[in-house]
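K.L.:
As a plain string of letters, each chain reads:
Protein chains: 2
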Amino acid sequence: MEVIDISLELSNETPTYRGRKEKKPSITVVRTLEEGANEMRLNLETHTGTHVDAPLHMLHNATSIDQIPLTHFMGFAYLAEIRNVPVITEKELLPFEPFLSRETFLLIKTDNSFQDLNRDDFVYLDRSAAQFLSERNPKGVGIDALGIERNQPDHATHQTLLSRGILIFEGLYLKEVNPGWYYFMAFPLKVKAGDGAPARAVLMRI
Amino acid sequence: MEVIDISLELSNETPTYRGRKEKKPSITVVRTLEEGANEMRLNLETHTGTHVDAPLHMLHNATSIDQIPLTHFMGFAYLAEIRNVPVITEKELLPFEPFLSRETFLLIKTDNSFQDLNRDDFVYLDRSAAQFLSERNPKGVGIDALGIERNQPDHATHQTLLSRGILIFEGLYLKEVNPGWYYFMAFPLKVKAGDGAPARAVLMRI
Numbered sequence: 044m045e046v047i048d049i050s051l052e053l054s055n056e057t058p059t060y061r062g063r064k065e066k067k068p069s070i071t072v073v074r075t076l077e078e079g080a081n082e083m084r085l086n087l088e089t090h091t092g093t094h095v096d097a098p099l100h101m102l103h104n105a106t107s108i109d110q111i112p113l114t115h116f117m118g119f120a121y122l123a124e125i126r127n128v129p130v131i132t133e134k135e136l137l138p139f140e141p142f143l144s145r146e147t148f149l150l151i152k153t154d155n156s157f158q159d160l161n162r163d164d165f166v167y168l169d170r171s172a173a174q175f176l177s178e179r180n181p182k183g184v185g186i187d188a189l190g191i192e193r194n195q196p197d198h199a200t201h202q203t204l205l206s207r208g209i210l211i212f213e214g215l216y217l218k219e220v221n222p223g224w225y226y227f228m229a230f231p232l233k234v235k236a237g238d239g240a241p242a243r244a245v246l247m248r249i
Numbered sequence: 044m045e046v047i048d049i050s051l052e053l054s055n056e057t058p059t060y061r062g063r064k065e066k067k068p069s070i071t072v073v074r075t076l077e078e079g080a081n082e083m084r085l086n087l088e089t090h091t092g093t094h095v096d097a098p099l100h101m102l103h104n105a106t107s108i109d110q111i112p113l114t115h116f117m118g119f120a121y122l123a124e125i126r127n128v129p130v131i132t133e134k135e136l137l138p139f140e141p142f143l144s145r146e147t148f149l150l151i152k153t154d155n156s157f158q159d160l161n162r163d164d165f166v167y168l169d170r171s172a173a174q175f176l177s178e179r180n181p182k183g184v185g186i187d188a189l190g191i192e193r194n195q196p197d198h199a200t201h202q203t204l205l206s207r208g209i210l211i212f213e214g215l216y217l218k219e220v221n222p223g224w225y226y227f228m229a230f231p232l233k234v235k236a237g238d239g240a241p242a243r244a245v246l247m248r249i
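Chains as they are written, first to last, in our numbering: chain A, 44 to 249; chain B, 44 to 249.
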């Protein structure tokens with residue numbers, strides 16, 4: 044079985060949403076072999092690197108990451124490649140309608156995979172794209188940016204998807220994978236009452 | 044498909060190896076919905092809660108967690124239940140010899156599953172148990188304690204297992220699962236040059 048890693052590496056250099064310094068991970072050695080064992084401390088945000096957004100990230104009294112059944116983080120996924128557009132709208136998603144279902148995920152590879160993830164003007168899904176997806180109601184949507192939207196002050200993309208229970212997977216490393224069907228898994232850390240959590244995301248070739 | 048969560052919850056109350064306070068996670072809210080979105084910061088050790096030890100945890104110039112292929116974190120696993128002993132030696136493992144192979148994991152449910160995980164005198168695998176396992180060479184060994192050994196100043200259990208490339212899964216939550224065969228997955232966070240990393244561990248009934 045071929046298992047493909049689609050997770051970002053976690054280090055002090057891991058890119059952050061719009062390059063924000065306060066969101067940088069801080070990873071420090073706290074003990075060494077000479078003291079008995081190598082051990083490190085990880086200081087991360089729930090939205091650092093490859094991670095999952097729970098409805099609680101953007102909604103009041105919503106489901107937290109530890110309350111979501113594990114089966115919601117796994118399933119068949121169609122990886123779509125959409126290049127040379129600065130923003131993904133309903134129009135760009137229309138060709139992928141046949142691949143959308145209640146039981147599957149849509150993962151989107153964009154120009155982000157070939158650019159610095161710290162950049163301010165990353166490719167994102169606008170409100171029309173989110174509305175389109177919410178009507179088809181997939182299990183989840185993944186993207187190769189550290190956020191699924193930007194410059195929408197009402198967070199319409201997050202709000203629309205999360206209020207439908209459509210999970211959002213951000214920070215996917217998709218540069219080296221081709222479009223097509225895969226089996227996808229991204230189990231987040233079980234953070235009590237968490238608004239999201241880092242995950243190790245994988246694809247299996249089917 | 045039934046997917047069983049065998050991960051500890053991460054919170055400020057998560058138990059630590061021997062109850063050590065300096066190993067406690069610190070999870071804080073850094074932003075709220077009123078400020079735009081709920082976000083948290085996680086301050087954890089590589090060995091906090093449910094996690095995987097890489098050879099680098101105890102060996103010089105050894106493999107770090109990010110260098111281990113994903114297929115090493117998944118596969119069929121036999122869950123053995125060994126109760127009413129304070130330490131697991133070769134003798135306690137002998138009955139499980141038929142279940143051991145190069146391609147499978149051994150997960151061990153002990154009295155730890157029914158006790159405070161902060162306790163000092165948790166059930167562990169001694170050097171004879173590690174030697175026995177290293178000769179059968181499973182993919183990995185998991186236990187329901189925050190460490191696989193204690194009171195062995197030379198860390199013989201870790202040393203013996205990790206030097207053979209046998210991964211160690213600690214902090215498994217096994218209280219609610221019965222002995223038998225399962226499909227096991229525990230993908231750790233991809234911590235660059237990490238000596239280990241937290242993971243979400245799951246079992247699937249087969």
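Accuracy of the hints is not assured; some may be wrong.
A pair counts as met if it fits within one copy or between any two copies, since identical chains are not told apart.
Claimed, not checked - With a straight-line Cα cutoff of 25 angstroms, these simulated DSS-like cross-link-like pairs (lysine-lysine) come out: (1) LYS235 with LYS218; (2) LYS218 with LYS134; (3) LYS64 with LYS134; (4) LYS67 with LYS134.
Just so you know, these hints were derived from the structure itself, not from any lab.
K.L.:
State for each hint whether it applies.
P.N.:
Status of the hints after comparison with the structure:
no.: 1; hint: LYS235 with LYS218; in the structure: between (32 angstroms within a copy, 19 angstroms between copies)
no.: 2; hint: LYS218 with LYS134; in the structure: within (23 angstroms within a copy, 50 angstroms between copies)
no.: 3; hint: LYS64 with LYS134; in the structure: neither (34 angstroms within a copy, 54 angstroms between copies)
no.: 4; hint: LYS67 with LYS134; in the structure: neither (34 angstroms within a copy, 49 angstroms between copies)
In the structure shown, a violation is registered for the earlier hints numbered 3, 4, in ascending order.
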